[in-house]
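Student: Sequence:
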Amino acid sequence: MPSPWPRRTFLHAAGGGALALGLAGAPAHPALAAAGPSPAPDALGTASDAEFDTLRGRWRDLILGTGFSPTAEPFRGILAALGATAAEYRATMAPASGSLWPGRSWADPDPDVDAESYAFSATMNEAYTRLRTMAEAYSQPGTGLTGDAGLRDAVLTGLDHLNAEVYHERTTRYGNWYNWQIGAPQALMDTCVLMYDDLSAERIAAYCRAVDAFVPDSVFASYTGTSTGANRVDLCRGVVLRGIVGRDPAKISLASRALEPVFPYVTSGDGFYADGSFVQHRNVPYIGGYGAVLHDGVGRLLALLRGSSWAVTGPGTQLFLDTIEKAVAPFLYNGLMMDNVSSRGISRMGTSDHQRAHGLMATILLVGQGASAEENARWRAMVKGWLRRDYHYPALADPGLSLVRASLLQGLQDDPSVRAAPEPVEHRLFPQMARATHRRRGWAASLSMASNRIAHYEFGNGEHARGYHTGAGWLSWWGDDFGLEQYSDAYWPTVDPYRLPGITASRKPLADGEGGNWGQPMPDAAWVGGTTDGEFAAVGQHLKGLSSTLDAKKSWFCLDDSVVCLGAGITAADGHAVETTFDNRALGTTGAPALTVDGRTQPVAQGWTGTFAGASWAHIAGQAGYVFPGGARLGALREERTGSWRDINTGGSPDPVTRRYLTLFTDHGVDPTGGAYAYVLLPGASAHATARAARDRGRLRILANSGARQGVHVPRLGLTAVNFWSAGTVERLRVSAPASVLVREHRNGTATLVVSDPARQATGLELVWHRRVSRVLSRPASVTAATTGSSLRLVLGDLTGLAGAPQRITVRLG
1 MPSPWPRRTF LHAAGGGALA LGLAGAPAHP ALAAAGPSPA PDALGTASDA EFDTLRGRWR
61 DLILGTGFSP TAEPFRGILA ALGATAAEYR ATMAPASGSL WPGRSWADPD PDVDAESYAF
121 SATMNEAYTR LRTMAEAYSQ PGTGLTGDAG LRDAVLTGLD HLNAEVYHER TTRYGNWYNW
181 QIGAPQALMD TCVLMYDDLS AERIAAYCRA VDAFVPDSVF ASYTGTSTGA NRVDLCRGVV
241 LRGIVGRDPA KISLASRALE PVFPYVTSGD GFYADGSFVQ HRNVPYIGGY GAVLHDGVGR
301 LLALLRGSSW AVTGPGTQLF LDTIEKAVAP FLYNGLMMDN VSSRGISRMG TSDHQRAHGL
361 MATILLVGQG ASAEENARWR AMVKGWLRRD YHYPALADPG LSLVRASLLQ GLQDDPSVRA
421 APEPVEHRLF PQMARATHRR RGWAASLSMA SNRIAHYEFG NGEHARGYHT GAGWLSWWGD
481 DFGLEQYSDA YWPTVDPYRL PGITASRKPL ADGEGGNWGQ PMPDAAWVGG TTDGEFAAVG
541 QHLKGLSSTL DAKKSWFCLD DSVVCLGAGI TAADGHAVET TFDNRALGTT GAPALTVDGR
601 TQPVAQGWTG TFAGASWAHI AGQAGYVFPG GARLGALREE RTGSWRDINT GGSPDPVTRR
661 YLTLFTDHGV DPTGGAYAYV LLPGASAHAT ARAARDRGRL RILANSGARQ GVHVPRLGLT
721 AVNFWSAGTV ERLRVSAPAS VLVREHRNGT ATLVVSDPAR QATGLELVWH RRVSRVLSRP
781 ASVTAATTGS SLRLVLGDLT GLAGAPQRIT VRLG
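Reminder that position 778 of the sequence shown reads as 778 in our numbering, one-by-one numbering, no gaps.
Among the hints, a few may not be true.
Said to hold, decoys possible - What follows is a set of in silico ranges between Cβ atoms, one per label pair, in the way DEER data are often shown:
#	residue 1	residue 2	range
1	Pro780	Thr590	45 to 55 angstroms
2	Ile702	Asp667	14 to 24 angstroms
3	Leu396	Arg699	36 to 46 angstroms
4	Asp798	Arg699	36 to 46 angstroms
As the list claims (entries may be wrong) - Subject to a maximum C-alpha distance of 20 angstroms in a straight line, what follows is the list of computed DMTMM-like cross-link-like pairs (lysine to aspartate or glutamate):
#	residue 1	residue 2
5	Lys384	Asp481
6	Lys508	Asp275
7	Lys508	Asp481
8	Lys508	Glu535
9	Lys384	Asp480
10	Lys326	Glu426
11	Lys326	Glu423
12	Lys508	Glu374
13	Lys384	Glu423
14	Lys326	Glu535
15	Lys508	Asp551
16	Lys544	Asp533
17	Lys326	Asp533
18	Lys508	Asp574
19	Lys326	Glu375
20	Lys508	Glu375
21	Lys508	Asp480
22	Lys508	Glu426
23	Lys508	Asp489
24	Lys544	Glu375
25	Lys544	Asp671
26	Lys384	Glu640
27	Lys544	Asp481
28	Lys326	Glu374
29	Lys384	Asp414
30	Lys544	Asp524
Calculated directly from the structure, the hints in this document are not laboratory data. On a predicted model such as this, the values are computed, not experimentally measured, just so you know. Cβ coordinates follow ideal geometry from the N, Cα and C atoms, glycine included.
Please build the complete structure, drawing on both the sequences and the hints.
Tutor: Encoded structure:
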């Protein structure tokens with residue numbers, strides 16, 4: 001059976017995001033015949049011809065953009081490139097039986113063969129997308145083809161050919177459902193909007209009948225399967241536009257109402273969660289992929305329908321607006337979208353973390369136009385900050401940026417009234433998708449884990465074939481003026497997939513797509529998550545390897561200038577070595593920064609390897625310092641690695657690419673029992689600062705590092721944090737069940753305790769802190785009893801239903 005999931009291109013050809021638009025519309029169609037019987041207008045309002053014309057004109061502007069000069073850059077270049085692409089499409093278009101372009105057939109020879117069916121249905125979709133590109137070049141100024149009669153006739157010929165040959169109500173769908181229900185209808189209706197005045201009533205009726213056949217009203221009957229999250233939004237978009245083009249108010253009403261299930265937060269499956277998580281495909285974090293599509297689609301539909309008879313209103317829209325700051329912004333850093341929430345998207349040639357961010361930045365500006373004045377002002381300042389600080393790949397230099405997105409971002413950059421906001425100092429924990437982000441002045445980091453709720457990784461449609469260890473405690477990080485290129489320059493086709501930064505992994509060879517197509521394998525591990533006070537955090541992962549016997553406990557303690565990384569109980573019986581990778585820095589094609597270990601600079605020759613027993617610190621020039629409390633057996637490797645995008649994605653080029661890497665790791669040996677590690681990552685630290693941190697014994701104390709408990713004490717921050725994998729005591733803290741605990745003592749005589757149940761298995765929890773406390777100042781409802789005095793005793797009730805959310809208590813010290 002074909003997969004239920006789409007082969008989606010996250011950056012739609014028509015672009016995403018657009019300007020706030022006026023109500024001036026195109027003139028009514030001269031002789032529109034109804035596309036079949038039209039139901040009576042819905043109770044939401046009676047539409048006039050003028051209202052359909054207004055909406056059609058508004059969507060036209062949402063496709064093309066407004067308020068820019070076609071002779072000014074970057075618009076001049078974007079328009080010229082659009083014209084060149086459209087000219088090539090016109091020159092090579094050759095309608096024939098089963099195809100519109102030579103070698104691009106949609107005539108599936110064997111619908112029972114999934115791979116072939118997928119390819120041929122995608123070709124049909126691609127043909128509509130090309131026609132939309134040609135229609136844009138015809139409609140836009142400055143393309144060299146503006147108003148060109150020959151191009152117009154080619155578009156109409158193409159539309160008729162596709163409708164006669166394949167996309168009509170008599171065709172039985174084959175291949176990927178997405179191409180028939182989302183890809184083709186969107187591109188077709190977009191093209192109809194752009195070419196509306198040149199379309200006969202008969203053509204419009206035929207095209208609308210085709211959309212009705214493949215996207216029947218029944219797709220909205222229940223919020224399940226392929227009609228959830230971003231897919232539901234895309235289905236709504238196609239039907240809304242079909243209603244506008246075909247002047248059918250019932251269709252617009254149906255699709256407008258069908259958006260409503262997207263807004264409420266979910267507690268399982270696809271959608272947004274109250275903690276800011278976003279999941280698609282049941283168990284895959286996807287804010288940078290489907291989440292971006294959802295925001296783009298909802299933002300444009302809100303802008304389209306605003307003020308009309310079908311305006312999307314109600315309390316759910318505010319929940320959606322809240323996700324900009326709760327779910328999207330935490331994963332955008334100085335112009336890039338963190339890869340650990342983009343899943344298969346990171347394996348696609350021609351895209352990068354920066355390009356994924358550019359579209360979302362423009363979408364935020366669009367969505368902000370429907371938010372409160374305060375929200376809109378915050379978001380514009382936030383986006384301007386990202387624009388200003390992206391030295392590696394500035395958004396307005398992105399040749400793949402659509403014209404409407406470029407116009408939004410250029411307008412913001414040129415607006416002197418908006419002051420760029422700095423990156424926030426905060427920690428954000430996302431228990432519902434096993435992710436965390438940590439942001440400081442000058443750097444940011446993010447953690448990627450897997451659990452019995454979140455997949456190791458996703459493989460499908462031949463994409464992301466070697467992403468199997470991206471959920472094994474991958475610790476990605478960037479600096480504000482260094483490291484923004486870390487994952488952008490052919491990292492994924494060339495990096496050793498068994499040595500991602502921060503992971504612990506068996507060297508057991510795994511097959512491409514291990515776990516199966518759309519298998520989305522999950523480990524049988526419940527304790528994954530942590531706790532945070534919003535600034536610092538304790539995060540932990542009970543790691544179980546993919547198709548491996550590997551078992552380990554991993555913890556990260558996120559501080560003001562560093563991340564303390566602990567691992568213990570590392571055990572495996574696969575007959576292969578197990579490694580923990582401290583870091584794996586991408587160096588491009590020529591980079592060779594100095595590596596210093598315990599004060600000695602190491603060779604820079606490619607292919608060099610070194611092993612240092614009892615290393616206390618290491619430093620990579622221009623990148624970071626690494627401190628090893630108690631010493632470490634440090635392995636170091638400089639290497640040039642060659643791969644191709646085809647290796648990780650069947651849609652990629654087979655041409656080889658080579659990049660350099662500097663890897664720091666420790667080898668736990670073959671089939672370790674009780675292996676451990678401890679290191680401190682200091683992003684941006686100098687060699688001198690790293691050496692000083694290694695010598696300062698009072699700077700940090702590791703309180704425990706075992707398979708039962710892991711914890712640290714940082715005196716200068718008044719911070720104690722412990723991940724209890726089982727009940728027990730560490731220093732002054734005792735818990736009666738597995739938990740994550742963070743304590744901060746403040747200079748004003750108060751203290752904050754934050755506790756969570758990451759495993760979601762504690763039906764009750766007692767926490768004792770052996771510290772004099774005079775009074776409890778605040779506590780959540782989950783705390784059922786509290787006793788103060790020479791010690792603080794807190795009793796918490798059933799935590800299993802709190803989804804691992806941290807519980808915060810404030811006390812007055814004695």
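Student: Could you run down the list of hints and mark each one as holding or not?
Tutor: A quick look at each hint next to the structure:
1. Pro780 with Thr590: 45 to 55 angstroms: holds (54 angstroms)
2. Ile702 with Asp667: 14 to 24 angstroms: Because 21 angstroms falls inside the window, the suggested range holds.
3. Leu396 with Arg699: 36 to 46 angstroms: Hint holds: Cβ distance 43 angstroms, inside 36 to 46 angstroms.
4. Asp798 with Arg699: 36 to 46 angstroms: With Cβ atoms ~39 angstroms apart, the hint holds.
5. Lys384 with Asp481: Holds: Lys384 and Asp481 sit about 17 angstroms apart, inside 20 angstroms.
6. Lys508 with Asp275: Between Lys508 and Asp275 the Cα gap is close to 35 angstroms, so the pair fails against 20 angstroms, i.e. violated.
7. Lys508 with Asp481: With Cα atoms ~37 angstroms apart, Lys508 and Asp481 exceed 20 angstroms; violated.
8. Lys508 with Glu535: Violated - the C-alpha atoms of Glu535 and Lys508 are around 38 angstroms apart, more than 20 angstroms.
9. Lys384 with Asp480: Cα-Cα ~15 angstroms, so holds.
10. Lys326 with Glu426: Measuring from Cα to Cα gives roughly 12 angstroms; hence the hint holds.
11. Lys326 with Glu423: Roughly 15 angstroms between the alpha carbons, so the hint for Lys326 and Glu423 holds.
12. Lys508 with Glu374: Given that 20 angstroms is the threshold and the Cα spacing comes to 53 angstroms, the pair is violated.
13. Lys384 with Glu423: holds (11 angstroms)
14. Lys326 with Glu535: holds (15 angstroms)
15. Lys508 with Asp551: holds (14 angstroms)
16. Lys544 with Asp533: violated (28 angstroms)
17. Lys326 with Asp533: Measuring from Cα to Cα gives roughly 16 angstroms; hence the hint holds.
18. Lys508 with Asp574: holds (7 angstroms)
19. Lys326 with Glu375: holds (12 angstroms)
20. Lys508 with Glu375: violated (49 angstroms)
21. Lys508 with Asp480: violated (36 angstroms)
22. Lys508 with Glu426: Cα-Cα ~37 angstroms, so violated.
23. Lys508 with Asp489: Answer violated: Lys508 to Asp489 is near 27 angstroms, above 20 angstroms.
24. Lys544 with Glu375: violated (41 angstroms)
25. Lys544 with Asp671: holds (14 angstroms)
26. Lys384 with Glu640: Roughly 37 angstroms separates the two Cα atoms, so the pair is violated.
27. Lys544 with Asp481: violated (36 angstroms)
28. Lys326 with Glu374: Since the Cα atoms of Lys326 and Glu374 sit roughly 16 angstroms apart, the hinted pair holds (cutoff 20 angstroms).
29. Lys384 with Asp414: Roughly 10 angstroms separates the two Cα atoms, so the pair holds.
30. Lys544 with Asp524: Between Lys544 and Asp524 the Cα gap is close to 7 angstroms, so the pair holds against 20 angstroms.
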